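> Those protein sequence lines, which keep their order, are chains R and V. Going by the numbering used here, the residue at position 92 of the first sequence is 115; the numbering climbs one at a time, nothing skipped. Going by the numbering used here, the residue at position 60 of the second sequence is 74; the numbering climbs one at a time, nothing skipped.
Keep in mind the hints are simulated off the structure, nothing from the lab. Note that this is a predicted model, so its numbers are computed, not measured. Careful: at least some of the hints might be erroneous.
[Stated by the list, open to error] In silico lysine to any residue, SDA-like type, Cα no more than 25 Å apart, as pairs:
1) Lys91/V - Glu33/R
2) Lys91/V - Pro72/R
3) Lys91/V - Arg86/R
4) Lys91/V - Ser82/R
5) Lys91/V - Arg62/R
6) Lys91/V - Gln126/R
7) Lys70/R - Leu90/V
Residue-level listing of the chains:
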Amino acid sequence: MNELDEQLRELIPRLRRFAVSLTRNPSNADDLVQACLERALSKWNDKRPDGDLRAWLFSILYRQFLDAHRRSRRYARMLEFFTDRDDAHPSAERSVIAQSSLQAFEQLTTEQRALLLWVSVEGLSYQQVADILGVPTGTVMSRLSRARQALRQLSDGEITRPTLRRLK
Amino acid sequence: MINMPPSESDLHAYVDRQLSDDDLRLMETYLGTHPDVAARVRAWQQDVQHLRTALSGALQQPANPDLDPAMIRQHLKHRSRRHLASAAVLLLAVSVSGYSGWQAREMTFISAAAPMADALEAYRLFAQQGILPADYQTGDEGSMQGWLDRYFTQANRLPDLSGAGFKPVSGRLLSTEQGAAAMVVYQDPSGQKISFYVRPPGPKNYLLPRGSRRDGELQAEYWSGPGYNYAMVIPSDTPTVQRLKQTLDF
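Starting from the given sequences, assemble the full structure and let the hints guide the process.
Take a look at the structure:
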């Protein structure tokens with residue numbers, strides 16, 4: 024138990040970072056991490072991972088985020104009209120503010136953010152990511168390639184269209 | 015082994031350091047002679063580097079004590095208790111209401127239905143399976159009586175079972191349709207458990223004739239006293255309990 028808790032403690036900053044990159048909001052992110060840890064600890068006896076603890080936790084956290092996101096989107100469709108947040112696709116309007124790589128990163132889709140964080144930042148293998156997403160490694164590679172392409176374009180401001188700048 | 019010229023995926027695998035040593039050498043040779051491809055790859059590598067730097071700040075957040083595994087475990091434990099406890103209360107309410115419907119029709123003593131089904135149910139949840147946490151724990155008979163008296167005025171005294179080696183160890187409040195009920199668990203040195211159960215007879219004052227009922231591996235002895243209905247729940251067929259029954263005088 025204590026050994027597991029120690030391992031978990033070490034991974035918490037990484038989980039929080041991943042959660043922030045998904046939710047873009049530190050307090051929602053911590054709620055997500057908490058839900059993830061609860062799930063992990065309550066499943067530990069039946070479903071503990073054979074391999075990398077970190078990849079297993081990422082996968083729990085990611086699924087919980089998607090579930091919560093799906094649920095909230097069902098109710099949020101109406102509200103979307105009034106907000107400027109559309110998580111699904113980076114819009115041309117928003118790309119004008121892509122000045123730093125972080126801003127560019129934040130405009131990627133949820134899955135693209137997760138992919139880049141797992142592979143480029145956390146250094147997970149393609150196979151681990153394939154296991155998390157439940158897709159073949161080939162699919163991981165092609166999605167990653169698209170994500171990286173999108174990040175590149177956003178960082179370069181290639182698709183900046185200042186005439187579409189949103190007026191606030 | 016990758017083929018030359020490298021595919022798009024191979025280039026990404028190179029950036030992600032997922033190529034084997036042989037492939038890595040092959041790729042580096044190729045990039046050395048193809049500056050346009052090398053420039054694209056370098057741009058991706060730079061993006062990776064920038065992203066790492068940009069996201070490294072997010073690792074430095076001040077710790078959130080709510081996320082500590084010890085805290086999470088505690089939280090989980092409380093929640094599952096609450097969850098099970100409310101499930102148990104629901105169960106008791108259902109089993110008791112099942113029979114208050116019957117009571118309403120018959121308007122008489124409970125005799126044909128299963129009297130004190132809630133006492134047996136509470137024993138299973140509380141004493142046998144340990145699903146419900148105790149509200150009160152003690153090794154001292156006097157203080158257990160004090161605990162009970164806080165909720166049930168002028169109830170029967172807790173029976174003294176020390177002759178058979180049983181001492182009251184824990185108490186738990188439960189809810190029934192008739193109002194709050196309580197269960198006191200007695201334990202002997204071998205870990206055998208029996209329970210004393212008190213509940214109000216309800217607004218219609220349904221009192222029980224003295225009786226005894228066997229339900230599976232358990233035996234309920236029940237009776238009514240001043241203002242309350244009582245039951246002792248005892249696991250039948252164990253020698254200690256046989257001895258207890260002989261010495262017991264409710």
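> Which constraints among the numbered hints does this structure fail? Numbers only, ascending.
Violated hint: only 6; rest satisfied.
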